[in-house]
Amino acid sequence: GAVVSQHPSWVICKSGTSVKIECRSLDFQATTMFWYRQFPKQSLMLMATSNEGSKATYEQGVEKDKFLINHASLTLSTLTVTSAHPEDSSFYICSATLAGEGDIQYFGAGTRLSVL
Amino acid sequence: AQSVTQLGSHVSVSEGALVLLRCNYSSSVPPYLFWYVQYPNQGLQLLLKYTSAATLVKGINGFEAEFKKSETSFHLTKPSAHMSDAAEYFCAVSPAGGTSYGKLTFGQGTILTVHP
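Chains as they are written, first to last, in this note's numbering: chain A, 1 to 116; chain B, 1001 to 1116.
FYI, nobody ran anything at the bench for these hints, they're computed from the structure. Nothing here was measured: the structure is a model prediction, and the numbers come from that model. Even glycine gets a Cβ: it sits at the ideal position worked out from N, Cα and C. Keep in mind that the hints are not guaranteed to be accurate.
To be verified - Within a straight-line C-alpha distance of at most 30 angstroms, the following computed BS3-like cross-link-like pairs (lysine-lysine) qualify:
| # | chain 1 | residue 1 | chain 2 | residue 2 |
| --- | --- | --- | --- | --- |
| 1 | A | K41 | B | K1049 |
| 2 | B | K1103 | A | K55 |
| 3 | B | K1049 | B | K1103 |
| 4 | A | K41 | B | K1103 |
| 5 | B | K1068 | A | K41 |
| 6 | B | K1103 | B | K1069 |
| 7 | A | K66 | A | K20 |
| 8 | A | K20 | B | K1069 |
| 9 | B | K1103 | A | K20 |
| 10 | B | K1103 | B | K1068 |
| 11 | A | K66 | B | K1049 |
| 12 | A | K64 | B | K1103 |
| 13 | B | K1069 | B | K1049 |
| 14 | A | K20 | A | K64 |
| 15 | B | K1069 | A | K41 |
Said to hold, decoys possible - Computed from the model, here is a short list of chain B residues facing chain A with C-beta under 8 angstroms:
| # | residue |
| --- | --- |
| 16 | N1041 |
| 17 | K1049 |
| 18 | Y1101 |
| 19 | G1102 |
| 20 | K1103 |
| 21 | F1106 |
Assemble the whole structure, with the sequences as input and the hints as a guide.
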């Protein structure tokens, strides 16, 4: 149980275009979803926290207009990288928590974004 | 503020040998501590967690970790390595309560290699 699916696993796009990444909780309702970014050989850095039906809370230094997060249902959150540039190339990972288990996050396999 | 330091980005052991992955943390509030494992092309999976109960925590696949407050450490051990243990391991910390409850701060990760 507690499976999180992330799609796509890899995306290549041209500079200036927007890319949407989906994060779904397949067999549970996620009270909270998190979005992380991971640079090569570095740790996961929390970008934002989202709760269904409310605005995402962004960490300091993360541009909310650049990284749009929508959490429209208890099983789906999306991250849209708007007007992507090469410096946005990275590995993006989502996670979700169950009601009553707020201290445990279940992770998706991640999305590798390459901006040309 | 919280931080996590994993000593050694790469650890190599022989099959059957002791596995020791080091993690030190810094936290201004009582922490919860976690070890996650990531296999290639998969999401992070929870190995074990410390949430202020017993200081010696047993996890899946024969791993265990001991919370030592005086040393601000949470090292991960396994008595006998198996080839299937080869993966990347992440130590993480989160506040035990407050507005940042559930937000994880990760270490840089340690890649474990197991030799036959």
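Results of checking the hints against the structure:
For the hint linking K41/A to K1049/B, the alpha-carbon distance of about 24 angstroms falls within 30 angstroms, and the restraint holds. Between K1103/B and K55/A, the direct Cα distance comes to roughly 17 angstroms. Compliance with the 30 angstroms bound is thereby established for this hinted pair. About 14 angstroms separates the Cα atoms of K1049/B and K1103/B, which keeps this hinted pair within 30 angstroms; it holds. Restraint check: the Cα-Cα separation between K41/A and K1103/B comes to about 21 angstroms, which is no more than 30 angstroms; the hinted pair holds.
In summary, the hint linking K1068/B to K41/A is supported, as the alpha carbons are separated by about 27 angstroms, within the 30 angstroms threshold. For a cut-off of 30 angstroms, the pair hint linking K1103/B to K1069/B stands: about 20 angstroms separates their Cα positions. With a C-alpha separation of about 12 angstroms, the suggested pair K66/A and K20/A falls inside the 30 angstroms cut-off, and the hint holds. The suggested pairing of K20/A with K1069/B is violated, with an alpha-carbon distance near 42 angstroms, which exceeds 30 angstroms.
A C-alpha spacing of about 23 angstroms is found between K1103/B and K20/A, which places the hinted pair at or below 30 angstroms, so the restraint holds. About 21 angstroms separates the Cα atoms of K1103/B and K1068/B, which keeps this hinted pair within 30 angstroms; it holds. This hinted pair does not check out: K66/A and K1049/B have alpha carbons roughly 34 angstroms apart, beyond 30 angstroms. With a CA separation close to 18 angstroms, the supplied pair K64/A and K1103/B stays within the 30 angstroms bound.
For the hint pairing K1069/B with K1049/B, the CA-to-CA distance comes to about 15 angstroms; that is within 30 angstroms, so the pair holds. Between the alpha carbons of K20/A and K64/A the distance comes to roughly 14 angstroms, so the proposed pair stays at or under 30 angstroms and holds. For the hint pairing K1069/B with K41/A, the CA-to-CA distance comes to about 28 angstroms; that is within 30 angstroms, so the pair holds. Look at N1041/B: its Cβ gets to within about 6 angstroms of chain A, closer than 8 angstroms, so that hint holds up.
Residue-level restraint check for K1049/B holds (minimum Cβ-Cβ distance to chain A is 7 angstroms; threshold 8 angstroms). This hint holds: Y1101/B has a C-beta 7 angstroms from the nearest C-beta of chain A, less than the 8 angstroms allowed. Hint on G1102/B holds. Least Cβ distance to chain A is approximately 5 angstroms, under the 8 angstroms limit. Annotation: K1103/B was flagged as interfacial toward chain A, and the flag holds, the nearest CB pair being 6 angstroms apart, inside 8 angstroms.
The interface hint given for F1106/B holds, since its Cβ lies 4 angstroms from the closest Cβ of chain A, which is under the 8 angstroms cut-off.
Comparing the model with each numbered hint stated earlier shows that hints 8, 11 do not hold.
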